[in-house]
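**Student:** As given, the protein sequences belong to chains Z and F, one line each in that order. Going by this note's numbering, the first sequence opens with residue 17, and the numbers climb by one from there. Going by this note's numbering, the second sequence opens with residue 585, and the numbers climb by one from there.
Just to be clear, a hint being listed does not mean it is correct.
Have a look at the derived ranges for each label pair, beta carbon to beta carbon [said to hold, decoys possible]:
1) F:VAL631 x Z:GLY276: 27 to 35 Å
2) Z:ARG95 x F:VAL673: 47 to 55 Å
3) Z:GLY198 x F:LEU705: 31 to 39 Å
4) Z:ALA88 x F:ARG624: 46 to 54 Å
5) Z:SER40 x F:ALA685: 52 to 60 Å
6) Z:GLU209 x F:LEU705: 21 to 29 Å
7) Z:GLU237 x F:GLU647: 12 to 20 Å
8) F:GLY704 x Z:GLY276: 45 to 53 Å
9) F:LEU693 x Z:MET69: 52 to 60 Å
10) Z:ARG95 x F:ALA613: 46 to 54 Å
11) Z:GLY276 x F:ARG688: 31 to 39 Å
Hint data in this document are derived by calculation from the structure and do not stem from the laboratory. Virtual Cβ for every residue (Gly too), placed ideally from N, Cα, C.
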Amino acid sequence: MRLAIETHDLCKRFGESQAVKDLSLAVLPNRITAFLGMNGAGKSTTIRMLLGMIRPSNGGGQVLGHNIADPAQSIEIRRNTAYVSEDKRLYNYMTVEQVIRFTSGFFPQWRADLAATLLRRYELPPARRVSRLSKGMRTKLALLLAIARRPKLLILDEPSEGLDPHSVEDLLETLVSESAEGTTVFFSSHQIEEVERISDQVCVLHRGSLVMDTSVDELRESWRQVDIVLPVSPHPGDFELTGVKRIRARGQQLSVVVNGNVEGVVDRARESHAKAIEVTPLCLREIFLQTTKE
Amino acid sequence: MLLRLNDSAGQPRYIQLMQQIRHAIENGALKDGDQLPSIRALAEELVVSPGTIIKAYTGLEMEGVIEVQHGAGVFVSRNRRARRLSERVQAARERVGSLIADLRNEGLLDDEIRRLFEAGLLSSSKARHSNSKP
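The following block holds chain Z by itself, in its conformation from the complex:
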């Protein structure tokens, strides 16, 4: 299966600062992949490199099989990829209806029926000027314009930012139906609960580098917190086993965060004559905080 997005050692420097560092991404087609990271982690810079809006300082990549650094191929990338940017730049002087008609002219595959359905579903006022739309409405309009062109790849940068809960729900439902249509969805977000609900795969960027790339199923299955009560204070290092990500000790109590090797931790606790062992699953939020800690 050809990857939808593939990068090799992608780097971007802005003067002294390294925004993206040796990033190797592999995004599967027909999936929903979330791209997480704190502000300034390099997510938007990466997306802009993928779309040929800025050039990599080093390394390279392909989107839908086209080279991102080649201006001619970059046009092919943008022809097949719809991008909803963070600022949702739109033609402010036009009305909603005019923007839709104007945009439709650029795309032969434009689906007017879908645009009409979404216009009703999102309750967008057709005659209102874009400049007078609320933030949520702007996002929905940008989403409508992106989806009605039937892209192979949908890239969204912080799509849910500033949306009320109902609008977020509309957005998530739209992404799910687009994925069911066969569109590859790649989106960045700070709303980790939403990401966990709809994504197949999660990539975490931290200080320009990829620190995690895993399926949500695997996350749920393999990350655990093990709380242990021991008869005596443990030796530091006793629980530094394979897969252990964090150890916190307070007197005889020990809290271990582990990825994969839960059995090893539980066994070690038993060997140490633990008085109590409690295993609890971790949610994506906690795992994210763990992997992006300074």
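Following the hints, put chain F in place on chain Z, whose structure we already have.
**Tutor:** Positioned in the frame of chain Z, the structure of chain F alone reads:
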């Protein structure tokens, strides 16, 4: 059939879905030959990735619980293997139920019982995993 996904459970969503569909068949909410929602419809209803539904349906099809008839839809299986499987699950449920009742009688709290099950599964799954994992 009302399906619900639990976010706090440390369990992949597709496994939760599989369990709930099996459960619905066992308790009669779904009958042999009943049609299940399409992948797209269920993904939209539950607001989860279609990949999750595909995984769950594929798993259940492999177990013989459901049949995917291409073009026609997804149906609760009428064949014997499925029934045997669900009967086995039903029998296991009764045994687990009576064990839980015993433990409660002995004064254990539900939380403690849950931890015992989890710890028990972990120690027994270790032997199983040590063959496949490096």
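**Student:** Now tell me if each hint is right for this structure.
**Tutor:** Verification of the supplied hints:
The hint said 27 to 35 Å for the Cβ distance between VAL631 of chain F and GLY276 of chain Z, and at roughly 29 Å that hint holds. In this structure, ARG95 of chain Z and VAL673 of chain F meet the distance hint of 47 to 55 Å, their C-beta atoms being roughly 51 Å apart. At about 38 Å, the CB distance of GLY198 of chain Z to LEU705 of chain F agrees with the hint of 31 to 39 Å. Checked against the hint of 46 to 54 Å, the pair ALA88 of chain Z and ARG624 of chain F fails, with Cβ atoms roughly 36 Å apart.
Under the hint 52 to 60 Å, the C-beta atoms of SER40 of chain Z and ALA685 of chain F, about 54 Å apart, fit the expected range. A hinted range of 21 to 29 Å for the beta carbons of GLU209 of chain Z and LEU705 of chain F is consistent with their spacing of about 27 Å. The hint said 12 to 20 Å for the Cβ distance between GLU237 of chain Z and GLU647 of chain F, and at roughly 19 Å that hint holds. Distance hint for GLY704 of chain F and GLY276 of chain Z: a CB-CB separation of about 20 Å, inconsistent with the stated range 45 to 53 Å.
Range check, LEU693 of chain F to MET69 of chain Z: about 58 Å between beta-carbon atoms, so the 52 to 60 Å window is met. Take ARG95 of chain Z and ALA613 of chain F: their Cβ atoms lie about 48 Å apart, and the range 46 to 54 Å holds. Between GLY276 of chain Z and ARG688 of chain F the CB atoms are about 33 Å apart, so this pair conforms to the stated range of 31 to 39 Å.
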